[in-house]
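Going line by line, the protein sequences match chains A, B, C and D.
So the first sequence is numbered by this note's numbering: it starts at 1 and just counts up by one.
So the second sequence is numbered by this note's numbering: it starts at 1 and just counts up by one.
So the third sequence is numbered by this note's numbering: it starts at 1 and just counts up by one.
So the fourth sequence is numbered by this note's numbering: it starts at 1 and just counts up by one.
Simulated from the structure, these hints should not be mistaken for lab results.
Accuracy of the hints is not assured; some may be wrong.
Listed below are the simulated BS3-like cross-link pairs for lysine-lysine, each with C-alpha atoms no more than 25 Å apart in a straight line [claimed, not checked]: (1) B/K5 with B/K178; (2) C/K6 with C/K196; (3) A/K75 with A/K192; (4) B/K282 with C/K190; (5) B/K178 with B/K290; (6) B/K247 with B/K296; (7) B/K194 with B/K247; (8) C/K102 with C/K6; (9) D/K111 with D/K213; (10) B/K104 with D/K213; (11) B/K19 with B/K289; (12) B/K178 with B/K233; (13) B/K119 with D/K111; (14) A/K192 with C/K102; (15) B/K19 with B/K290; (16) C/K127 with C/K102; (17) C/K6 with B/K247; (18) D/K111 with A/K40.
Simulated restraints on C-beta separations [stated by the list, open to error]: (19) D/R290 with B/R14: 30 to 40 Å; (20) B/R14 with C/G58: 54 to 64 Å; (21) C/G16 with B/E30: 53 to 63 Å; (22) B/S132 with C/E221: 29 to 39 Å.
The model shown is predicted, which means the values in this text are computed figures rather than measured ones.
Backbone N, C-alpha and C define an ideal beta-carbon position, used for all residues, glycine too.
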Amino acid sequence: MLIFFTHILTHVSGTGDLMIRKRLISALNNEHLQKAVERKDMLIAMIMLALLILVALASPVLSPYDPNAIDLDNKNGNLTSAHLLGTDYLGRDMLSRILCGATTSLSISAGVVTLSLIVGISLGCIAGYYGGFVDEVISRAIDLFLAFPSIIFALAMMGALGPSILNLMLSLAMVHWASYARLMRGQVLSVKEQEYVLSTRLLGASDRRIMRKHIIPNSIAPIIVLATIDLGHVILSVAALSFLGLGLPMDIPEWGAMLSAGKGFMRTAPLQTIFPGLAITLVVVIFSILGDGMRDILDPHEQGDDLY
Amino acid sequence: MLEVKDLFVEFPTRNGSVKAVDGVSFSIKEGESFGIIGETGSGKSVIGLAILRLLPPTARIRGTILFEGRDVYTMNSREMREMRGRFVSLMPQNPATSLNPVLKNSIQVSEVFEQHGIKRAEGLKKAKDIMSKLLLTDPGRVCDQYPYQLSGGMKQRLLASISLSMHPQLMIADEPTKGLDNESREKTVELFDKIRSEYGSSMLIITHDLDFARDVCDRVAVMYSGRMVEINKAGTIVTSPSHPYAKGLVQALPRNGLVPMDGQSPGRINLPDGCLFYQRCKSRKDVCKKQVPVMKIFEGGRVSCHLY
Amino acid sequence: MSSLLKVRNLNKEFNGARVLHDVSFNIEQGETLGLFGRSGSGKTTVGRCVIGLENTDGGEIVFNGNPIIANGKKPASGSNGKVPGIQMIFQHPETSLNPRMKGMDSILEPLQIHNMCTNCQMQDKAKELADMVGLGMEHLCRYPSQLSGGEIQRIVLARILSIGPQLIVADEPTSMLDVSVQAQVLRLMKRIQEEKEISYLLISHDIEVLQQVCDRIAFLEEGRIVRVEET
Amino acid sequence: MLVFMLMNVLPGSTAELMVKHAFVGLEQGVTDEELATISERYNLDDPLYLQFFHWMEDGLLRGDLGTSYVYNRPVAHLLKLRLPATILLAMSSMSIAIVCGVSLGVYSALKENRLTDHLLRFVSLFGVSMPGFWVGLLLILLFSVKLKMIPVTGYGSFENLILPSLALSIHSMTSIMRITRTSMLETLGQDYIRFATAKGLPMRLIITRHALKNAMLPVITVLGFQMGYLLGGSVIIEQVFSWPGIGSLLVNSISARDLPVVQGCIIVIVAMFLLVNFLVDILYTYLDPRIRYG
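So here's chain A without its partners, still in its complex pose (with noise of 0.2 Å):
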């Protein structure tokens, strides 16, 4: 199953992939940038996302100490001016923890959106368009996959893979795609029908470029939206299966892994289940507003001022 699934990826991902980056790059530069910047709730989140991705980027050089350093003279440590934010279990400096954390969370919910929209985008613009049997086979991978809630089914493949972060995107990739699939088939069955892809069609256009031209850019807003709050929540997964101890291996800094760490010193080291947390909502929060804000923006009536 696995093999076969990866063959359709590298397969798909290849057509897939040109569409969306023209997509993307086409739709953002125009007047929807402007329209962002206009909103406020909009620009303080754009504003902390880049402050986010900065940190992540330059966690390594940011954060004061190495992340894995043992120092077991001060462990369980509360605020000192050497460690920020205190130390945990094993005397490893908190607050460069948090930071190289933001960089494996976010890298890897980015890896896991991007890899999951790339194979629902093809797979559900192509059922929606050329229905029929390929619809059907399509259709029912996306209720096999849907059936399962995501982090059980995520749990499993986990524990049979083994923690590494390979296995960990690609089980949680297993999931998401198959939200965008459905999705991406509901829009492009509704846009099909419209009356201008009928009209490009009889004037010659190939199936190809009607996608491309017509259908993907009419049928890809709610996508955006849902990959956006999506980001979120892999990264809620990600701290989640990290939790249970089946996440990642342990010397990769991870917040959940932190806050499942300071679980059985909450008595003595409160903090140390207070920041991992903290940064956890606060990304995600952050993902949150853009995702309404994008769905606001994307709108297709929010266009200009329609004639009264």
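Starting from the known structure of chain A, arrange chains B, C and D on it as the hints suggest.
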């Protein structure tokens, strides 16, 4: 019966406030059927909604609307509720979306009676005989069905019977013939004649269909970009209007040779001063550009144009 | 000179019910044929069959001498059954243009599809098409949601004219428009007909419009052509 | 079926992997013949489809889902033991989520753009973003450690149900609230609401009779998905509160590589998920006549 003096309605939007109604005054006498003709976006529907205070909260309204001598905008909500449905009723624009899709027809018909102090069973009986008066086949069955099971024409008749249930003194009909083909338009004319003969209530009919107005209304007003340009007997307006715009409208009718007027109505955010029809008026004078023409009595009707 | 379009006993079934019964008519070069019928008489289906959007159950359609449908089946020729010579205008302006494309791109798209002229010519070709349908450049850089119904139908017309069709099937092109705008659009279509020698199949339920605009009118009731009159 | 295929086709022969891990705790290397006896006892060597039929045949037909490697007792028995706990937790958090979510959603929609609306939206923003287990930890920290009011773990009395169900329901409650609010606002803008006001109906009646029913349709469709999220979350919350449900059994058996138990748990959870979705569909057809008569 109904007196509207200098009604102004503005909708603030992102880039400026749209002046939907720009100083409209007219009155409807007891038992009279008054028509308002105007093209899409001339603000005619806004007047209907303004009378029943159904405009969205963002709308800024100036001017007075007197119903039976009482100013609608000084009524408190209880009085207002008393007036709606009992004294003034609305027949909405598109019957398809004006019926609650998930509620049985019987509830939607009888709730008007309940609201005005009549028990449901008796209300239902009254509703049924109104329906049969309006040539609605088998009212009993219709009541047990859901709105989506009715055809367009039947929905319209159901709406008519709902709005007539309390024998209102004034019925406001908003675009009853929108999107209907010739044959069902004749049926609507027949329906309105029946309503007038059966109930004798005075009517405010908002439409863009000149022939329909001629067949159903006593007096007709022509609206252009939020202002009334001419008010006269229905017959004269349709055959020999005096205002240039009204003339243009009549000549553009298919049977009069489809003579088009050039240009479009002006943008509604910053209205040009002087007569709004200036750019498109063939017999314009330079005074039209500067001064807003005032309503003058002319040949049994009133017209607002510098030519007279 | 043989007629531009010959339709011989066209039949169509729609989940069991027969919608069209042996519909036959032909359209001469440069003529406007009206197709009158009440709603539900099957007039839109006739238009969609001629255009190739719907497949038919029997009958022939010969366009400009070469058959596009022979006894109900599309012969192998033609780009998946769509003949570039025939184009269609739809009834609802708000869905006739891609909401995400500015007017300019919609007009130029057919040219790009058949890459009929280089990019530098694109600009003035667009200008020329816009003038032909009476639109200024400022309309071209607006999104469809910022345009009125009449302006959208003009852009649709310009878009179709860019590849020089011979027959345009118009399915109630102006029924959603106001009276004055309808007059402007129909006048425009007549003017283009004279300039470009285009013939129209105008489908409508408004007999007055047809009498005013068409040379001949075919009356359709319950899927049958009952009579054809000269206007 | 998918569950079985999935677990077995994965890289590395599961049997060998399983056995090695299961006994790594006890002693170091696993000699080959020990390996042989183990796999023979659990007939792991014969080809997959035979294993599958074997498992299907005695599993689903006679409810004997094989025996657990670790506890050495029939899986079905284990599951039966733990099922009520999970159902109790899921039901209670589901009801909290629905009741509060819907009412707050409607409330904030009615008070649109006023203080309460903005406040609720701000709180819900954080509610949705907080990871379930962190909320659990915070609750423990607050209630038990600091205020020493409610026992942290344990099962049985009503008290220890409060914290876990609250923690689990916060996420679903806030997302249900947001969805209700948007769909309520959308419904209030419809023509039939304006027509109802034109009939002179009081606002209260319009909301209860007309608006609410229509606004619930999109909420119900998403309910199914939310319940899935709830079940997923319960796995984690049970770990935090060491709540003896199927979730914690699943987690322990995964880390203990206890194959039949893992499969059993997943099947039960998926079954519950499908059951809830099925109920949601029925509710949907009941509410929306258009679908019932189709």
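Contradicted hints - numbers only: 1, 3, 5, 7, 8, 13, 17
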